[in-house]
Structures are given as structure tokens and as C-alpha cells.
Amino acid sequence: MLKSLENYPLNGFYDEALATPDHPRPAAAELFKRLEDTPFDSFQEMQKGAETAIAQLGISFTVYSDKGNIDRLWPFDVFPRTIEAGEWQKISSGLKQRLRALNRFIEDVYNEQAIFKAGIMPLQIIASSKDYRPECQGMQLKHNAWAAICGSDLVRDAAGKIYVLEDNLRVPSGVSYMLENRAVMKQVMPEVFRDLNILPVNQYPLQLLSMLRSLCTSDCADPEVVVLTPGIYNSAYYEHAYLAHEMGVELVEGSDLLVLSDNYVYMRNIDGLKRVDVIYRRIDDAFMDPEVFRADSTLGVPGLMRAWRAGKVAIANAPGCGVADDKVVYAYVPEMIRFYLGEEPLIENVPTYLCDRQEERDYVLEHLAELVVKPANESGGYGLLIGPRATAAELADFRQRILNNPRNYIAQPTLNLSTVPTLCEANLEPRHVDLRPFILQGEKSFVTAGGLTRVALQKGSLVVNSSQGGGSKDTWIVVTEESI
Amino acid sequence: MLSRVAERVYWLARYVERVENTARLAKVHTQLMLDLPKSVQMSWFGLVQITGNEDQFSQHYGQVRSEQNCMHFLLADRSNSASLISSLWWARENIRTTRDILPREAWSHINELYLLVKAQQSDFAERKTRNALLSQIIQACQAFSGMLSGTMSNNDTYRFLKLGMLIERADMTTRLIDEGGLFVAQQQFNNEDEAHFSSVLWAHLLRSISAYFMYRLAYQTEISGEDVLTFLTQDRHFARSISFCLDEILRLSPALPNSLALQKAVQQLGWQIAQQQGKIGSSELHLHLDWIQRELCAINGLLYQLWFAPKQVA
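Chains as they are written, first to last, in our numbering: chain B, 863 to 1346; chain S, 259 to 572.
Read the hints as simulated data drawn from the structure, not as lab findings. Careful, some of the hints might be misleading.
To list a few chain B residues with every Cβ distance to chain S over 10 Å, as calculated [said to hold, decoys possible]:
# : residue
1 : G920
2 : G1134
3 : L1324
Below, in silico cross-link-like pairs of lysine to aspartate or glutamate (DMTMM-like), each with a Cα-Cα straight-line distance of 25 Å or less [claimed, not checked]:
# : chain 1 : residue 1 : chain 2 : residue 2
4 : S       : K522      : B       : E949
5 : B       : K1004     : B       : D1019
6 : B       : K958      : B       : E1206
7 : B       : K1048     : B       : E1206
8 : B       : K1048     : S       : D414
9 : B       : K1136     : S       : D548
Here chain B is said to cover these stretches of chain S; the calculated rule only asks that three of the stretch's residues, wherever they fall, bring their Cβ under 8 Å from a Cβ of chain B [as the list claims (entries may be wrong)]:
#  : segment
10 : 331-337
11 : 383-391
12 : 422-433
13 : 549-559
Just so you know, even glycine gets a beta-carbon here, dropped at the ideal spot from N, CA and C.
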């Protein structure tokens, strides 16, 4: 056992490292053996080392404002989160299955709409979705790759069961931090890496590149792939540059691209114009093409939708795929898996109440103080109500909001998220975590080994978003003797 | 290569070169103050004049041209766009937006330097700590250039980096000579002993761009202003002479697309510089240097026409 974990309180949550106060879980056993006698202040030293490395590498996420930019260093906790490789194998099959179904669904939405005709989902969900794009009707994509890159958030409840909390299909971010976290951990705990069998994460950029290349609409041997960024003022700019660099492709801004009358996309190079075949875009639909969407957008490329519809360029993720990134649609994913794939879901959804349904709404309104209520279309943990922590006024406010616009709200039971030992002021203490793996779907499917573990650094808090005081941890998929 | 990216790496190299040159300037100036006799008037303000920012200086500090004010303005003042820390900030912003095409170390190198200077900028106030920090900055800039030339392919990115470095370097050399020339012209040396200090001054100038040793190898006689001037403008072998910088630009530009106009312009400037020379201490020299600066500026403009913002048929 770890000396530094004496008096570690388990509090009835599922702890990712400890099975009982005296026993580590199998995935953490080797780690505990290596760090057995490590005193708390050595952990603090490692933490300091990690923070220095992060400052030097300039791993930051940026909050830009009129008053100039605030470069915040990436918050990182040095104690890793471990998952057993055998379990991960099952999770990753489940994630691939899910994304396959979601992509079939998106193509269906813009074509036959079979799932609605079969009466499995009400068509009204699409009619009222703010991310449904009529401009995408009739489009059929190579490999069905609408959401070619997906970041799904996983949580584990008190019984140790894994659920999907949401699927981020628009422009999911965070993967560069997963890669950087690993680089930092290798610096601060090199011996542990040598001794443990931890699956590597660094093949992601190459997998991403080969997936993007597989999307090329013509059969050219060497497609030109670019990453389209809104520019340095975007908080994820660091990641855009990181991925472009790792893939060895150009990082372009909207003004670098233009669409000519032949409907091809070109980039402005020092030796003239060069054709672009695949665009990994990191800007929202609304800003992508001022000819079609927001006319005031200076970030986009006029004519881009025209080029895409003409099949002259592939865009990942495809325009309009946000239609499946909606918490009401989420509730139907298990049904989609059965409908499109004829399979049973390998990972379950968190039980979800749709406020649009009379019965479920009544239940939600009756049990508001016990539930988490989320708007259907927000991300980043904004605009949600955590029932057990809400004031009477907040509860009343949400009751009214739900009644005014039931389609826009869903509710879920408050989850007892699992915990991981985390460096706090004087001790290693349990803090709640979630996990965002990244899933790719092109010619082949791919899931990262682990993903980005986000941790709520505040005691008792369940909010893990980095924009709201969350931190991150390296995630180790550990091959134990059992899994071999 | 993207036009926008070419422009940013070009400026990245210019800013790094500027950081290094500014650090050298401040360091050598501080040392010179210790060597010159009390009777020789030597002001800190000369440093501000070199960078052509007198107006901005007086807006901030009025007429108080003290060592502390001049050093702060030149090194640590973020509101002075030509200060060392501003140049470093701009270098960092440019590298941040081009890190995808540069070696990974390039970013961490400049970022670390920026964090260091930002954390220790109070060191600029005191001579003792200032020199140590300046030496560290110079070393870091040299290591940066060395790292790039040692790890990068000889590709367009590298050529634009070199273009930026060479143009900035040539420009800085004209400003240095100008400072020396002005200073000599303004001095009333009272006797032969003090006249000897003009060679101290030229030696200091040479040192400020690490040219002293190479000058010594080329000229074994006593240091004279005329020789220094010839060396720094026309020498074909010294890495910081204007002619050498132009030769280098000529050497690398044929590999860039559509570079004929640049080759012609640089060649012509090279010929003109080889034929003309101002006289030390005369107003003619100042005009001559001013003209070179304007020509370099025109070459900078040409880069925009050819590569950074060409008119394209859309």
C-alpha cells in the first residue's frame, strides 16, 4: 500500500485506484508498489516538476479579452488515473459501435429519414434542432464519416459501471492535452513508465492523419490535408497548432483559403495557389462559410459549402453533424444502435428524462431537487442545474424554463462520479473525475488508449471543465497479468 | 508554403535578431561608460536615438534622460514597441502562430526566454544584474539561431527565417555606425590623450556586434573610424557587414519562387554600396546610412509584393 494514502477517505464513491482502504485495484497495483514509500512531499516535488515542464512547453489554454490575453497554464495533477487494459478493450469497442450508429443516423437525417418513418424517433426532434442544416440534405459521405472525430464523455458511478454522459461531435477538443499530459508524466515519473506496461497514446496524430486522408473525395495518391483554425484568439489554438505540427500539415486560417469558380478549394502559397483536398476544421458551422451561414463571419471561407456539396473537398467534421450533438438525440443512441446496426449497445447511456414527454416532464418537475437538468444544446458545463446544490430560487427558475421550452431540457440523476487520489494542500485526497476518449471514423475506426481525464479540483465538486476550475490527469491503460 | 506563414516566420527572425542586437547594444554601452574619461560626454540617450524612438521617449519620461529611464525604455518598457521585451513578445506571438512548421524546440526556446525575461525584468535596473541578464539573453538568441540552422531542412521556411535575420542585421549595422559617427562628430577632444578614446569608442562599437576579433584579423593597424566603416559596410566575409548580408540574400533567393525582382534589387544595392562611402564625422555619412536604411525598407516592401501579399486572381 501507499504510505501517502493512509487515512484516505473512500466516502462511498467508487475510487479508481483503491478497491478498499487497504487494497489497490489491479490496474493500480504496480503503481502502488513503485511508489510505496514515496512521502507526500515527493509527490509535491513531482507536481512542481510537472508545472515547470508545462510552463516551459507553453502548454496553455488562453482566455482572450479586450484587455489582452490571459494565458492560463494547463492545470494538471500528477497522480495518474489507471484503467485495466481488458476493461478498456470493451469500452473502446462500445465507443466505436456508438460512433458508427451516430454517423448512420446523421446520414439518415439528411437523406431517407428511415428512423423517423419507423416511428423510433419523432421527426419533430430534428425540426426543432438548432444544428439541423437544410444545406446538407441529400449529401452522402465517404465511409459515412460525418462525425469523423468524436469526443465522448464517460463517467463511472458508485457501483463502478461506465456510462456515456455525452457525445461531442461538433469540434471536440482536448486531445492535445491528453498527449501533452503523457509527455509531462514521462518527465516526472520516468522509472514508473519503464517498469509498468502502459499503452502508448502518441499514435493519435498519425491515426488522425490517415483517417483524414481516407476522406479525400477523389482517388488521388497524396491528398493535401489542412487544419482550419479560427486563429490565435481561439482558446483551443494551442491544440490546432499542435495537431497540425504533429501531422506535418498546414495550419490555415480562413483568409488563407479561397474557392474558385471550378468549386475547388485553394490555399494561398508563396508560389501561387495550391489545391486543398481535406479540411480538418476547428471552427463552428455558423462561421464556416459567410455565403451560406453567418454573413458577418471573417473566419470562414466564402464558397466552402459550395465546394463541399460539389464533392470537391472533404470537411471533417462535416457541416451539419451537430444535429446529433444534442442531449435529446443522445437519449435515443441506444435505439439507434439497435436500429442501424442490429446490435445491443455495449456501453449504456446515463438514464435520461426528456422534458418534452409529458410523463417524464412531470417526474422531472416533481424531483427537480434530486436531478441534474441540462439544456439540450450547450457544451462546456454551461447553463445546467445541479438539483441537490441549487437554491429555491434557482429551482423555481428552472421549473419555469422547462415549462416554457420543454424540448430544450433533459434531466439525469445526480451521478456519484468516481474518484482518484489527487494532490491537495496537505494530502492525497479523493476528487471526482470523468474521461474523454477520442474516437475516429474514416476508412477504419480508432479509439485513443485512454483519453483525457478531467478532475474537479474543488472538494466535493462535480464540475470538471477546465474553463470552470477543473484540472486534468494522465490516464494509464495498464496491461496487468490478468489482462494477458 | 502559405503566404501568411512566410510573413510570420520572416518577422519572427527579425524580432529575434532585434532582441539580440538590443541586448548587445545595452551591454556594451554600459561597459563603455566605465572606460571613457570623465571629460568625454557620453549619454545614455544615444541608445534611444539609435532605435529612432526619441518622441516616444519624451512622451513617457520628459527630459529626464537618466540611465535608469533610458535602460527601462530600451529594455523593459512594453509601451515602447521597439524595446527588447516588446520584440521578444512579438517573436513569441509569431512563433506561436507558426509553431506547426518549426521544430518543437523553437517554441519552447523562445517561450522560456520570454518567461525568464518577464520574471527578471527588474534586473535591468541595476548595472550588475543587468549585464548578467543581457548576456543570458544574447546566449539564448545565439542558441536559437544555432538550433534552427542545425535542425532545419534548407527549405522555404528556413530561407524566410534567414531573410528576416539578414535584413534586420544589415539594418542594425547601419544604425550602429550612425551612432558611432554622430558621437565622434559631436566630441571636442581636448588633447591627444583624449583623441585616443575615439579608438576606444570604435572598439566598443565593434564589440557591440561581436565584430572586434574579426576586425582585428582583417586589420592589424590601430583602429580607425574609416577602417571600421569599410569593414562593417563593405567587407565580403564578415557575417555582420552589410555587403555580406546582401550577398547571403542573393545566395539564398534563387531557390525561392519568382524571386528575380528581389535578386535584381539586392544586386543593385550591393553595387551601389561598394562604390560609395560616407566620411566619418560628416553629415554625408548620416545621409548615406539613411539611404541604405530606406533601401532595406524597400526590399522589405518587395517581399510583400512577391510573397506575403501578392495580388492573386480570385
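To see whether the hints hold, each was checked on the structure:
no., hint, verdict
1, G920, "violated (4 Å)"
2, G1134, "violated (7 Å)"
3, L1324, "holds (34 Å)"
4, K522(S) / E949(B), "violated (67 Å)"
5, K1004(B) / D1019(B), "violated (37 Å)"
6, K958(B) / E1206(B), "holds (13 Å)"
7, K1048(B) / E1206(B), "violated (39 Å)"
8, K1048(B) / D414(S), "violated (34 Å)"
9, K1136(B) / D548(S), "violated (40 Å)"
10, 331-337, "violated (count 0)"
11, 383-391, "violated (count 0)"
12, 422-433, "violated (count 0)"
13, 549-559, "violated (count 0)"
Comparing the model with each numbered hint stated earlier shows that hints 1, 2, 4, 5, 7, 8, 9, 10, 11, 12 and 13 do not hold.
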